[in-house]
Amino acid sequence: MKNLTKAAAVLALAAVLTVPAFGWNFPWASKSANKLALQGSTTVLPIAQKEAEEFMKANKDADISVSGGGSGVGISALIDSSCDIGDSSRSIKAKEIVMAKQKGVNPVGTIIANDGIAVVVNNGNKVEALSLDQLKAIYSGQITKWSQVGGSDDTIVIISRDSASGTFEVFNELVLKGAKLREDSLMQASNKEVAETVAKTPGAIGYVGLGYLSSDLKALKIAGVMPSDATVLNGTYKLSRPLYMYTNGDPSGLAKTFIDFILSDEGQKIVKDVGFVVVK
Amino acid sequence: MKKALSFVLAAVFALTFFAFAFADVTTTFYGMQWLRYDYQVYGGSYGPATYAGGGDSDNTFSIPRTYLRWKMVGDGFEGNITLDINNVDGGQNSGKNWSKDLPGALTTGSIDWAIWVKKASVDFTNIPFLSNIDAAIRVGQQDVYFGTIDTWSYPTIEKAIEDKNGVISSADQGISLVGKLGGWGGYEAAVYNGTGYKTTAIDSNQDITDKAYDMSVLLTPIAGIYARASYYHRLTNPLGTKTYGYNTSALVVGGASGPIEGFVEYLTANDASKYTAGSVSGVLVGWEGYMGIKLTDMVQLVARIDTYDPDTRTHNNEVNTYIAGVNIAMTNATTLQLDYQLDANKFPYLGGAKDNNNSNNNQFLAQLVWKW
Chain H
1 MKNLTKAAAV
11 LALAAVLTVP
21 AFGWNFPWAS
31 KSANKLALQG
41 STTVLPIAQK
51 EAEEFMKANK
61 DADISVSGGG
71 SGVGISALID
81 SSCDIGDSSR
91 SIKAKEIVMA
101 KQKGVNPVGT
111 IIANDGIAVV
121 VNNGNKVEAL
131 SLDQLKAIYS
141 GQITKWSQVG
151 GSDDTIVIIS
161 RDSASGTFEV
171 FNELVLKGAK
181 LREDSLMQAS
191 NKEVAETVAK
201 TPGAIGYVGL
211 GYLSSDLKAL
221 KIAGVMPSDA
231 TVLNGTYKLS
241 RPLYMYTNGD
251 PSGLAKTFID
261 FILSDEGQKI
271 VKDVGFVVVK
Chain D
281 MKKALSFVLA
291 AVFALTFFAF
301 AFADVTTTFY
311 GMQWLRYDYQ
321 VYGGSYGPAT
331 YAGGGDSDNT
341 FSIPRTYLRW
351 KMVGDGFEGN
361 ITLDINNVDG
371 GQNSGKNWSK
381 DLPGALTTGS
391 IDWAIWVKKA
401 SVDFTNIPFL
411 SNIDAAIRVG
421 QQDVYFGTID
431 TWSYPTIEKA
441 IEDKNGVISS
451 ADQGISLVGK
461 LGGWGGYEAA
471 VYNGTGYKTT
481 AIDSNQDITD
491 KAYDMSVLLT
501 PIAGIYARAS
511 YYHRLTNPLG
521 TKTYGYNTSA
531 LVVGGASGPI
541 EGFVEYLTAN
551 DASKYTAGSV
561 SGVLVGWEGY
571 MGIKLTDMVQ
581 LVARIDTYDP
591 DTRTHNNEVN
601 TYIAGVNIAM
611 TNATTLQLDY
621 QLDANKFPYL
631 GGAKDNNNSN
641 NNQFLAQLVW
651 KW
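From first to last, the protein sequence lines are chains H and D.
Residues in the first sequence are numbered from 1 upward in steps of one, following the working numbering.
Residues in the second sequence are numbered from 281 upward in steps of one, following the working numbering.
In isolation and in its complexed conformation, chain H is listed as follows (with noise of 0.2 Å):
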């Protein structure tokens, strides 16, 4: 029993070794070449969903379907590979590409837009700038009054999107860095009301995508930089990040016809038009 035993696991061990050479892939597990599923973020989701409806007018055959969930769950479902594109408003962590490695997962990102925050406040208000320490200080309650950061002796009005949107979930990672908001700040549950209601409030100050920014508002710099789709692109810009869309190895078949779809001139303008950065 003990030789039979020692040569069944040197047999399991030779199957082990010699399935990733074959890259098999059985035809009961393998899916619609017209079918591709995304999961993932919040932030890239009205991207995705957009896309997929321009691309799937055009393209008949194709059955798309668009899912949120947040960075990590698409990700995830990448490496188990339930989806076949995973969205993220974030790079792939390294222990996550260790464990897609582990799982025969390979995964490769495409940055499909960038996602811009313009910090904006009042019309009447006489700041100019803000440090992103300072922003941190106001967002949680340390600073009160504009008078402290150089303006008038107005209390400040926080005016910031719910915590279950992708724009909160960025600006949370890079201004708040864990810090808890101020509790009596005004959440709004869209871009469009955080700009009407900085636009209307003397006192306000928001944050809204970069296609949401209009003369009733005022953009502030952050860190001496003013935000614009050049200073996001060029990175001199610090309230931004880039928009992924992973693969399992580079993309193919119908996955980089859809990908090849959002780079190109028109969807690129999809990109601009749901409020976000251009790739190039």
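Calculated directly from the structure, the hints in this document are not laboratory data.
What you are looking at is a predicted structure, and each value in this text was computed from that prediction instead of being measured.
C-beta: ideal position from N, C-alpha, C; glycine also.
Treat the hints with care, since some could be wrong.
[Claimed, not checked] If you want the ones that stay clear, here's a sample from chain H, every Cβ over 10 Å from chain D, calculated: (1) K35; (2) A58; (3) Q142; (4) D153; (5) R182; (6) K218; (7) G235.
[To be verified] Taking lysine-lysine and the DSS-like style, the derived pairs with C-alpha atoms no more than 30 Å apart in a straight line are: (8) H/K93 to D/K460; (9) H/K93 to H/K145; (10) H/K136 to D/K351; (11) H/K218 to H/K145; (12) D/K460 to D/K444; (13) D/K439 to D/K460; (14) D/K351 to H/K95; (15) H/K256 to D/K522.
Chain H is fixed; fit chain D onto it per the hints.
Frame of chain H; chain D shown alone:
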């Protein structure tokens, strides 16, 4: 029960501490529970009349495990508390292992709920220099980083080979350095009490100077192939007149591609305290081979073979385990596991009987795992 209570109080205290000391904390509560049906048929040269249970078969419903987990993430730290609620015959004092205990050697006791704090640790993730190399210091009760015991995700209902045979405890109290080698692998290096998570250092007269240590390195050279090497050392009988070294090491080589995954593990340990000239080597050797094939998104077939020799110099004492099963993902949160498991055990010289005694335990196991 007193010990269980003290562990629970410790957990509550720790949670309270986290809640007040780190106000800006995101806390996630989640858990997992196993609902099991186990039908066993006993065979071999130990007749049913003499075997556990006094009959030729047993069948049981049980809730062998409930894990309650709290994860707390804040600026520069990540906390983790896991309560392990174990429903076993004999409760906390039970040494019973259904698959390998010998006739007459079972620890008896009433059905009991044992509650352990399996993990209670904090990762400090913002330490200068370490954070730049994707490493953290972990303090508290944590995994023992070894072989497959800390990574075992229960593709079969049976435990990892180290856990099944009591080669090493799955958790212990100590301090460790955990990190990643970019996308090329990872490592853990730890110092522990060496007593495991079900025994405190005070209870076992373990002195802090007799601590155990281990180190594991995982390499993922290409997608689909990985290898992990582990080494663990502790002292046995630390406060006795003579101390002995207990050294164990493991090598795991695994792979995955598309619907197929698998690994092979080689395990060995040398317990110097058991060495007896001429008859007992004190060296154990184990092998495990596992393979899973996903037929659909819902259904996975699994197979596993373990061969475990508790002492290389003692004849006819091997424990061989053969498992075939299917895992059915019923929903995102529930998985039904159906396993057939044969434990073919040999017993030397038991009760004056001749060599080559054996028992063949056939187990038919159904387990529903649900997570929240």
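Do the hints match the structure? See the list:
1. K35: holds, 12 Å
2. A58: Holds: least Cβ distance 29 Å, greater than 10 Å.
3. Q142: holds, 13 Å
4. D153: holds, 29 Å
5. R182: holds, 12 Å
6. K218: About 30 Å separates H/K218 from the closest Cβ of chain D, which puts it past 10 Å; holds.
7. G235: holds, 20 Å
8. H/K93 to D/K460: holds, 10 Å
9. H/K93 to H/K145: violated, 39 Å
10. H/K136 to D/K351: With Cα atoms ~25 Å apart, H/K136 and D/K351 stay inside 30 Å; holds.
11. H/K218 to H/K145: holds, 18 Å
12. D/K460 to D/K444: holds, 29 Å
13. D/K439 to D/K460: With Cα atoms ~26 Å apart, D/K439 and D/K460 stay inside 30 Å; holds.
14. D/K351 to H/K95: holds, 17 Å
15. H/K256 to D/K522: Given that 30 Å is the threshold and the Cα spacing comes to 67 Å, the pair is violated.
In this structure, the hints that do not hold are numbers 9, 15, in rising order.
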